[in-house]
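Trainee: Can you make the complete structure from the sequences, with help from the hints?
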Amino acid sequence: MKAIKIAALFLAIAGLALPASAELKGKNELAVQAGVMNFEGDANIDAGLIYGARLGHFFTERLSVELSALTGNTETGGGANVASLHPALAASYHFRFGKFMPFVQAGAGLLRLNPEGASASSGLAVHWGGGLKYFYKPDFLLRADIAHVIDTEIGKGTHDLEAVVGVSWLFGTSKEEVAKKVEEVKQALAPDADKDGVEDSKDACAGTPAGAAVDAAGCPLDSDKDGAADYKDSCPGTAAGVKVDAKGCALPVDSDADGVAEDKDECANTPAGTAVDAKGCPQGTKEIPADNWVLKGVTFEIGSDVIKAEGKTILDEAAATLLPRTSVRLEVQGHTDNTGNAAANVTLSEKRAAAVKAYLVEKGVAADRLEVKGYGADAPVADNATSEGRDANRRIEFKVLSR
Numbered sequence: 025m026k027a028i029k030i031a032a033l034f035l036a037i038a039g040l041a042l043p044a045s046a047e048l049k050g051k052n053e054l055a056v057q058a059g060v061m062n063f064e065g066d067a068n069i070d071a072g073l074i075y076g077a078r079l080g081h082f083f084t085e086r087l088s089v090e091l092s093a094l095t096g097n098t099e100t101g102g103g104a105n106v107a108s109l110h111p112a113l114a115a116s117y118h119f120r121f122g123k124f125m126p127f128v129q130a131g132a133g134l135l136r137l138n139p140e141g142a143s144a145s146s147g148l149a150v151h152w153g154g155g156l157k158y159f160y161k162p163d164f165l166l167r168a169d170i171a172h173v174i175d176t177e178i179g180k181g182t183h184d185l186e187a188v189v190g191v192s193w194l195f196g197t198s199k200e201e202v203a204k205k206v207e208e209v210k211q212a213l214a215p216d217a218d219k220d221g222v223e224d225s226k227d228a229c230a231g232t233p234a235g236a237a238v239d240a241a242g243c244p245l246d247s248d249k250d251g252a253a254d255y256k257d258s259c260p261g262t263a264a265g266v267k268v269d270a271k272g273c274a275l276p277v278d279s280d281a282d283g284v285a286e287d288k289d290e291c292a293n294t295p296a297g298t299a300v301d302a303k304g305c306p307q308g309t310k311e312i313p314a315d316n317w318v319l320k321g322v323t324f325e326i327g328s329d330v331i332k333a334e335g336k337t338i339l340d341e342a343a344a345t346l347l348p349r350t351s352v353r354l355e356v357q358g359h360t361d362n363t364g365n366a367a368a369n370v371t372l373s374e375k376r377a378a379a380v381k382a383y384l385v386e387k388g389v390a391a392d393r394l395e396v397k398g399y400g401a402d403a404p405v406a407d408n409a410t411s412e413g414r415d416a417n418r419r420i421e422f423k424v425l426s427r
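Quick note on my numbering: the sequence shown kicks off at 25 and runs consecutively.
Since the hints were made in silico from the structure, they are not lab data. Note that beta-carbon positions come from the ideal geometry of N, C-alpha and C, so glycine has one too. Do not rely on the hints blindly, as some may be mistaken.
[As the list claims (entries may be wrong)] Computed spacing ranges between beta-carbons, pair by pair:
no. : residue 1 : residue 2 : range
1   : A234      : P313      : 52 to 62 Å
2   : K161      : K205      : 18 to 28 Å
3   : P215      : P111      : 45 to 55 Å
4   : Y75       : A130      : 19 to 29 Å
5   : G196      : V150      : 44 to 54 Å
6   : A217      : A168      : 47 to 57 Å
7   : E64       : P111      : 15 to 25 Å
8   : G196      : P111      : 18 to 28 Å
9   : L156      : Y75       : 12 to 22 Å
[As the list claims (entries may be wrong)] Subject to a maximum C-alpha distance of 16 Å in a straight line, what follows is the list of computed EDC-like cross-link-like pairs (lysine to aspartate or glutamate):
no. : residue 1 : residue 2
10  : K310      : E341
11  : K320      : D415
12  : K226      : D216
13  : K320      : D239
14  : K226      : D239
15  : K123      : D163
16  : K123      : E47
17  : K375      : E325
18  : K381      : E421
19  : K381      : D402
20  : K381      : E341
21  : K310      : E355
22  : K423      : E355
Mentor: Shown next as structure tokens:
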């Protein structure tokens, strides 16, 4: 009963054990071993040394069948020599745990005993047991076996014990390895002019450059689907739908098709057919002078935010410059000299800046492109001690926030 429980435990573990990477199916095993045989049921025969060989074949990764022949010499209790021979056929079921491969085995064969000075006797013997194999190298194993041998004729049911150790060699080729070799030979024989791994008869893209990764049809891979094969794609990972050049890099975007790329176009959405300058603006359009643009000549009534007539002319020109440049955002700054109350100057400068914004909006410039701020006398550009300096400090200035 105890032996049955142990066998059941082995079978349960087998369901969890996974085959190791070495392929056994289709291979053969040749083992040489030596050990001892104890004739437990034959009180007149001493335990003796035995040796022999085994030859097996793996039908699956776990199941093998083997022929074995173990022979040896021992003595009777009276000192007479006894020769033994135990050939057998057995089936083994293996479990893989990395380099270790325990197994259980059962089989049947012939047990022959030949005492010195007496006639030999032989009969059917069945055995069961198991052992352990250790992969010392991929095809060389250390092996230990133990078997319970039951004599069915000699001694009628006597029980003997065999214990042997040795080495074994795996040879032959598994079905998987054969298939791999066959495929390698086929590949070697099949013409492949461009050496891309796809034979010419199946190559839809002959002449692929050396080293280029190809698909099953022999065509260069294009992982980002931009039309530029991976081997010549200088910009891999291009987003879907983006137009690219011959090197797989995104072409400059030009939404209004005026010939000026978006990142350099200061006048987006130019009407079709409009002649533009290098910045994408209609020819003749004045450029924004700098990031800080002083509108000289924009003046106001004394102490007021009312724009004088000559100032409106300058603002008309500013509006003409800003209208096509829809991406440009400005801060409209109001500045004063230091005459009078500082707080009042800040308020006045902000009102004047707001008046300029209102005028530009009236001329078509989007309000959300213009921010207003009054600085009073806090940001002079000249000396307030002179009349000329105070005139310069009283000004409207545009600060470019974005182009």
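Trainee: Would you mind marking each hint as holding or not holding in the structure?
Mentor: Each hint tested on the structure:
A234 and P313 have their C-beta atoms about 57 Å apart, which keeps the hinted 52 to 62 Å range intact. A hinted range of 18 to 28 Å holds for the C-beta pair K161 and K205, which are about 21 Å apart. Against the hinted window of 45 to 55 Å, the Cβ-Cβ separation of P215 and P111 comes to about 54 Å, which satisfies the hint. The hint said 19 to 29 Å for the Cβ distance between Y75 and A130, and at roughly 22 Å that hint holds.
With their beta carbons about 29 Å apart, G196 and V150 fall outside the hinted range of 44 to 54 Å. Against the hinted window of 47 to 57 Å, the Cβ-Cβ separation of A217 and A168 comes to about 56 Å, which satisfies the hint. For the pair E64 and P111, the beta carbons lie near 21 Å from each other, so the given range of 15 to 25 Å is met. A hinted range of 18 to 28 Å holds for the C-beta pair G196 and P111, which are about 23 Å apart.
In this structure, L156 and Y75 meet the distance hint of 12 to 22 Å, their C-beta atoms being roughly 19 Å apart. The suggested pairing of K310 with E341 holds, with an alpha-carbon distance near 8 Å, which does not exceed 16 Å. A distance of roughly 10 Å separates the Cα atoms of K320 and D415; the hinted pair therefore holds under the 16 Å criterion. Of the pairs offered as hints, the one joining K226 and D216 holds, with about 9 Å between alpha carbons and a cut-off of 16 Å not exceeded.
With a CA separation close to 68 Å, the supplied pair K320 and D239 exceeds the 16 Å bound. Distance restraint check for K226 and D239: the Cα-Cα separation of roughly 11 Å lies within the 16 Å cut-off, and the hinted pair is therefore satisfied. For the hint linking K123 to D163, the alpha-carbon distance of about 11 Å falls within 16 Å, and the restraint holds. Of the supplied pair hints, the one linking K123 and E47 holds, its CA atoms being roughly 13 Å apart against a limit of 16 Å.
This hinted pair checks out: K375 and E325 have alpha carbons roughly 12 Å apart, not beyond 16 Å. With a C-alpha separation of about 12 Å, the suggested pairing of K381 with E421 holds against the 16 Å cut-off. Taking the CA atoms of K381 and D402, the gap is about 21 Å. The hint is violated against a cut of 16 Å. Between K381 and E341, the direct Cα distance comes to roughly 14 Å. Compliance with the 16 Å bound is thereby established for this hinted pair.
A C-alpha spacing of about 19 Å is found between K310 and E355, which places the hinted pair above 16 Å, so the restraint is violated. In summary, the hint linking K423 to E355 is supported, as the alpha carbons are separated by about 5 Å, within the 16 Å threshold.
Checked against the numbered hints above, the structure violates hints 5, 13, 19 and 21; every other hint is satisfied.
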